[in-house]
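Asker: Chain by chain, the residues:
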Amino acid sequence: MSTTVTRRPSAPPVREEQPRVEEHRPQHTFGRILAVVAVWVVGWAVLRGHQTLSLPGAQLSDFQKWLNGVKNSFDAARETNPAFKIVGGISDGLNWVFLHLQYLFSTPAPGRPVPEVGWVGVLAILVFVAFALAGVRCAVLVLLGTLAFGFLGYWQESIDTLLITLLAVLICVVIGVPIGIWMARSKGARAAITPVLDGMQTMPSFAYLEPLALIFGIGTASAIVLTVIYAVPPLIRITEHGIRGVSEGAVEASRSLGCTSPQLLRKVQLPMARRTIVVGVNQCMMAALAMAIIAAFVSGPGLGVPVMQSLAALDIGGAAVSGGLIVVVAIMLDRTTTAASERAELLARAGRRHVQTRRIVLAVLAVVTVVAIYVSRLRLSAAQFPSSPALQRPVSTFISSVTDTVVNSIEKATTAFANVVSYGLINPLQSVLAASPWWLSALAILALAYVLGGWRPAVTALVCEAVLLGVGLWNDSMITLTSVLVATILVVIVSVVLGVWMGRRRRVDTILRPFLDALQTIPPFVYLVPALALFPPSRFTAIVAALAYGVPIATKLVADGIRGVSPTSVEAAEASGATAWQMIAKVQLPMARAAVVLATNQGLLYVLSMVVIGGLVGGGSLGYFVVAGFSQDQLFGKGLAAGIAITALGIMLDRIARHAAARHGRV
Amino acid sequence: MTQTRTYDDQNDGQKDGQKDGQRGGRNDGAPDGAGESALSVRDLWKIFGARADKVIGTPDADLPRKQLQAKTGCVAAVKDVSFDVRPGEVFVVMGLSGSGKSTLVRLLTRLIEPTAGTVTIGGEDVTKADAGRLRDLRRHHVAMVFQHFGLLPHRTVMDNVGFGLEVRGVAKGERRARAQEMVDLVGLAGNEGSFPDQLSGGMQQRVGLARALAVDPTLMMFDEPFSALDPLIRRDMQNEVIRLHHEVGKTMVFITHDLQEALKLGDRILIMRDGEIVQIGEPAEIVASPADDYVRDFVSDVPRSHVLTLRYVCRRPDGGDPGEGPALQADEVVRDAARQVLAAHGPVRVYDGEDFLGIVDDEDILRVVVAEEEAVGS
Chain A
1 MSTTVTRRPS APPVREEQPR VEEHRPQHTF GRILAVVAVW VVGWAVLRGH QTLSLPGAQL
61 SDFQKWLNGV KNSFDAARET NPAFKIVGGI SDGLNWVFLH LQYLFSTPAP GRPVPEVGWV
121 GVLAILVFVA FALAGVRCAV LVLLGTLAFG FLGYWQESID TLLITLLAVL ICVVIGVPIG
181 IWMARSKGAR AAITPVLDGM QTMPSFAYLE PLALIFGIGT ASAIVLTVIY AVPPLIRITE
241 HGIRGVSEGA VEASRSLGCT SPQLLRKVQL PMARRTIVVG VNQCMMAALA MAIIAAFVSG
301 PGLGVPVMQS LAALDIGGAA VSGGLIVVVA IMLDRTTTAA SERAELLARA GRRHVQTRRI
361 VLAVLAVVTV VAIYVSRLRL SAAQFPSSPA LQRPVSTFIS SVTDTVVNSI EKATTAFANV
421 VSYGLINPLQ SVLAASPWWL SALAILALAY VLGGWRPAVT ALVCEAVLLG VGLWNDSMIT
481 LTSVLVATIL VVIVSVVLGV WMGRRRRVDT ILRPFLDALQ TIPPFVYLVP ALALFPPSRF
541 TAIVAALAYG VPIATKLVAD GIRGVSPTSV EAAEASGATA WQMIAKVQLP MARAAVVLAT
601 NQGLLYVLSM VVIGGLVGGG SLGYFVVAGF SQDQLFGKGL AAGIAITALG IMLDRIARHA
661 AARHGRV
Chain B
668 MTQTRTYDDQ NDGQKDGQKD GQRGGRNDGA PDGAGESALS VRDLWKIFGA RADKVIGTPD
728 ADLPRKQLQA KTGCVAAVKD VSFDVRPGEV FVVMGLSGSG KSTLVRLLTR LIEPTAGTVT
788 IGGEDVTKAD AGRLRDLRRH HVAMVFQHFG LLPHRTVMDN VGFGLEVRGV AKGERRARAQ
848 EMVDLVGLAG NEGSFPDQLS GGMQQRVGLA RALAVDPTLM MFDEPFSALD PLIRRDMQNE
908 VIRLHHEVGK TMVFITHDLQ EALKLGDRIL IMRDGEIVQI GEPAEIVASP ADDYVRDFVS
968 DVPRSHVLTL RYVCRRPDGG DPGEGPALQA DEVVRDAARQ VLAAHGPVRV YDGEDFLGIV
1028 DDEDILRVVV AEEEAVGS
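First to last, the protein sequences are chains A and B. In this text, residue positions in the first sequence follow my numbering: the first is 1, and each later residue adds one. In this text, residue positions in the second sequence follow my numbering: the first is 668, and each later residue adds one.
Don't read these hints as lab results, they were simulated from the structure. These numbers were taken from a predicted model, which means no experiment stands behind them. Check before you lean on any hint, since a few could be wrong.
Computed cross-link-like contacts, DSSO-like style, restricted to lysine-lysine with a CA-CA straight-line distance of at most 27 Å [claimed, not checked]: (1) A:187 to B:795; (2) B:721 to B:738; (3) A:267 to B:839; (4) B:917 to B:795; (5) B:917 to B:931; (6) A:267 to A:187; (7) B:721 to A:187.
Beta-carbon label-pair distances, calculated as ranges [unchecked claim]: (8) B:910 to A:262: 53 to 63 Å; (9) A:245 to B:1006: 52 to 62 Å; (10) B:934 to A:571: 44 to 54 Å; (11) B:721 to A:66: 53 to 63 Å; (12) A:245 to B:800: 57 to 67 Å; (13) B:959 to A:178: 49 to 59 Å; (14) B:731 to A:663: 29 to 39 Å; (15) B:968 to A:262: 49 to 59 Å; (16) A:262 to B:800: 12 to 22 Å.
Only part of the chain B face toward chain A is listed, based on derived beta-carbon distances under 8 Å [to be verified]: (17) 715; (18) 776; (19) 805; (20) 806; (21) 811; (22) 820; (23) 837; (24) 882; (25) 899.
Just so you know, even glycine gets a beta-carbon here, dropped at the ideal spot from N, CA and C.
With these hints in hand, go ahead and build the complete structure from the sequences.
Answerer: Encoded structure:
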């Protein structure tokens, strides 16, 4: 080869100032993903069934047994340990408050056959509050909704749900608004609290259940704490956002006039952020309601209990009635707070005369309400909701029979769909994920995390995988992951199709959007009912519920992304003679890529939380263990481990999706 | 001082004029007795970035902005600025965006903390004031009008105007009376109950103006107050400021990027570039003898006859004061004097008060006007 090497005198390197050029690295992401998957599949084909770490349902790993021990020692320490004195104090306090709220409004008070305030009084109070906050239309809505509570036979449960939600929201406001304000005004606070909120919001609701039960025990107090923890992050976030969103100019002008810091907050920032904060309360309320229902698992009172019982008994009619009432509660709360936020400004702007008229009207209505309360304390008929017409049974029977008819008539189609998805997607995916040796899957996931998002999510994935292994639920986690991935794929397909359609046709948007908005106010728990009506209990049912839960948000994001594509680009493409399909494939979707990636990310998180709740309808794996942990004492450790695994899975997926979005979402 | 500049300075040609402008930029800003000035700024610096205070005093501080940023990561927004504003004066700070003018005005009441230097308002050192003193100063002595108005959308016009008094703790009745007075003064009567978003941009800025006036400040600061407005409304508002200045006689510091506006409003103009003072002087002086090419470029489009005064046009006659013929004052703008000069037979004498400065004839006037035509033509 080289015989003579001519040594050229190396010139001193010239260090001139070079214009900085962004190095353009071609990304072969897709090819690399294919390569990883190919290796994985080959490895699976060879080593299938070995070292899968599968653990039969009733069997516990050492760690899980240890958790059982922890639970027992916690239970034992509850009486003696000083730390538990504080927890016990909080718990007793919450229980006491809620019990007395119940005596007041929903359950027979001591020494009385009925609550202190009878149904007429409660109805009057709710309608009065709705009118004062949100106006006549909301008052009518609340009136009808509240009557439905009684006539459908769930008066006490519905009022309990309202009470627990409102109490939790009250606590959230007391805690969350000051924290939000603090974060908006102090960089240090923001830096310290934001990661905590991130973590809390990535955790699927189911993952909270067992650890809290461990500390607070089972019961109302636990349900309230659970609800507060779940519902407070959005309120903090939105409050912070609202305060920080106050126009820089207004703040500077106020400072230039010599405002003190409290004056600035009271006279400028809070009033200008008021609307946003009310939106935050609305979000908080929706989250609280969703969690208050799920809290039925820790023996929280309210409508969650009948839904859960009906689902367990496969009684679609019963589940539909109680689930429907949850939706009624959701709509009542949502409409009232939304209208309140819209009216806040109007009322502040209304003239003096208007304010006076309003005061008089409110005073009269207040008197009527007081009279109603008084009457409801005197007369039994006004205290106890009339037992007729009892609509619960006929309505639920009717729904059951209609569902049966419908389901039977479309059974062929639904079964075919279920089979296609099961055999075409779920089974192969689950086989590769769960039947490969654990180390192969782990490595493959790490590689995918690296390819998609770089080394940061890969590190997170490594830690999360270690957690999954450590809690002894690797195989079950892979099965849950399968459902999550399948549901996410379906969500992305459906939402891209619908979203593109909506983004391109304004009429379609106007028709579909209210439905999507309505679907979003429904607590996730309720989605199980129609899914279970259509399909027999199986992991597929959970996937369907997850699909229904994830599609609205993802579709809206895609539609907004398509709508956000610059009209000039669309016009230019049109002028060059692009067909509709070319327009979608070459202009609109690529330019809306950031939105599609975001939709995938959001869809993933929604799907995860739903797939887990799907443990109730035969979803199996992690979600099922959480449920089973409550019903069977010896499985508590496994349930707690499942909660940890769910959290790890959630954080892993979120980080990968987020970094992938940051990397590939650029337009 | 610039006003006492003599004939000799004028005809000494380009180079000297330039040097003179430089000198004006560095020194003329400071009046003889600093105690008399309404606002006095000395060696003021603002450097953004970590450890910005370490830069001043090192050779780095003299680096051009880009090099400083490349070397230390710091951005020098205001560099070693000193000037004084006389009571009752309208002092305009002019520069393009990024020249540091908006930062400068915020340093004056420490809406942005200066990195170094002193600011003295009404004899009090603002840079040494504690939080309470500073608040007091903002509440009573200095008021500001902002480019984007900075109104509070949830308050009526009346409550916006009275806001400064409210934070000061003035009782409601008194506050409303004063606010009403100001609303009338800026011509917003009848809109007291409106909310800002129901008003046009010009009207919103009138609210901003009234809010600043309501606290009866000794010093008013305007940060590009009219650049967000339509040209016609901008002209109205400029006239409004001139009217208010006549009526209330406040000292004003006015920030703008618009040379026409600066020339129209300013008693004196400070021109800034990259955080540094390029020139300070009266409008006519800036137009007549720009400190450097940057300023010259700026003023090249200005109709000179509208700005130049006879002081800059007249020349010393060969035989001293001719002692006869019509006489005009040196501060007369060329455009206003043109008709009289052209109508006179022979040259017109120019006086600065009692002092004879020189003469102008048709030729001198036409040179200004025709040169302008050519400049516009090219």
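Asker: Hint by hint, note whether the structure agrees.
Answerer: Evaluation of the provided hints:
{"no.": "1", "hint": "A:187 to B:795", "verdict": "holds, 26 Å"}
{"no.": "2", "hint": "B:721 to B:738", "verdict": "holds, 13 Å"}
{"no.": "3", "hint": "A:267 to B:839", "verdict": "holds, 15 Å"}
{"no.": "4", "hint": "B:917 to B:795", "verdict": "holds, 24 Å"}
{"no.": "5", "hint": "B:917 to B:931", "verdict": "holds, 17 Å"}
{"no.": "6", "hint": "A:267 to A:187", "verdict": "holds, 22 Å"}
{"no.": "7", "hint": "B:721 to A:187", "verdict": "holds, 24 Å"}
{"no.": "8", "hint": "B:910 to A:262: 53 to 63 Å", "verdict": "violated, 38 Å"}
{"no.": "9", "hint": "A:245 to B:1006: 52 to 62 Å", "verdict": "holds, 58 Å"}
{"no.": "10", "hint": "B:934 to A:571: 44 to 54 Å", "verdict": "holds, 52 Å"}
{"no.": "11", "hint": "B:721 to A:66: 53 to 63 Å", "verdict": "holds, 56 Å"}
{"no.": "12", "hint": "A:245 to B:800: 57 to 67 Å", "verdict": "violated, 31 Å"}
{"no.": "13", "hint": "B:959 to A:178: 49 to 59 Å", "verdict": "holds, 56 Å"}
{"no.": "14", "hint": "B:731 to A:663: 29 to 39 Å", "verdict": "holds, 37 Å"}
{"no.": "15", "hint": "B:968 to A:262: 49 to 59 Å", "verdict": "holds, 50 Å"}
{"no.": "16", "hint": "A:262 to B:800: 12 to 22 Å", "verdict": "holds, 18 Å"}
{"no.": "17", "hint": "715", "verdict": "violated, 16 Å"}
{"no.": "18", "hint": "776", "verdict": "holds, 6 Å"}
{"no.": "19", "hint": "805", "verdict": "holds, 4 Å"}
{"no.": "20", "hint": "806", "verdict": "holds, 3 Å"}
{"no.": "21", "hint": "811", "verdict": "holds, 4 Å"}
{"no.": "22", "hint": "820", "verdict": "holds, 7 Å"}
{"no.": "23", "hint": "837", "verdict": "violated, 12 Å"}
{"no.": "24", "hint": "882", "verdict": "holds, 7 Å"}
{"no.": "25", "hint": "899", "verdict": "violated, 24 Å"}
Consistency note: the structure conflicts with the earlier hints numbered 8, 12, 17, 23 and 25.
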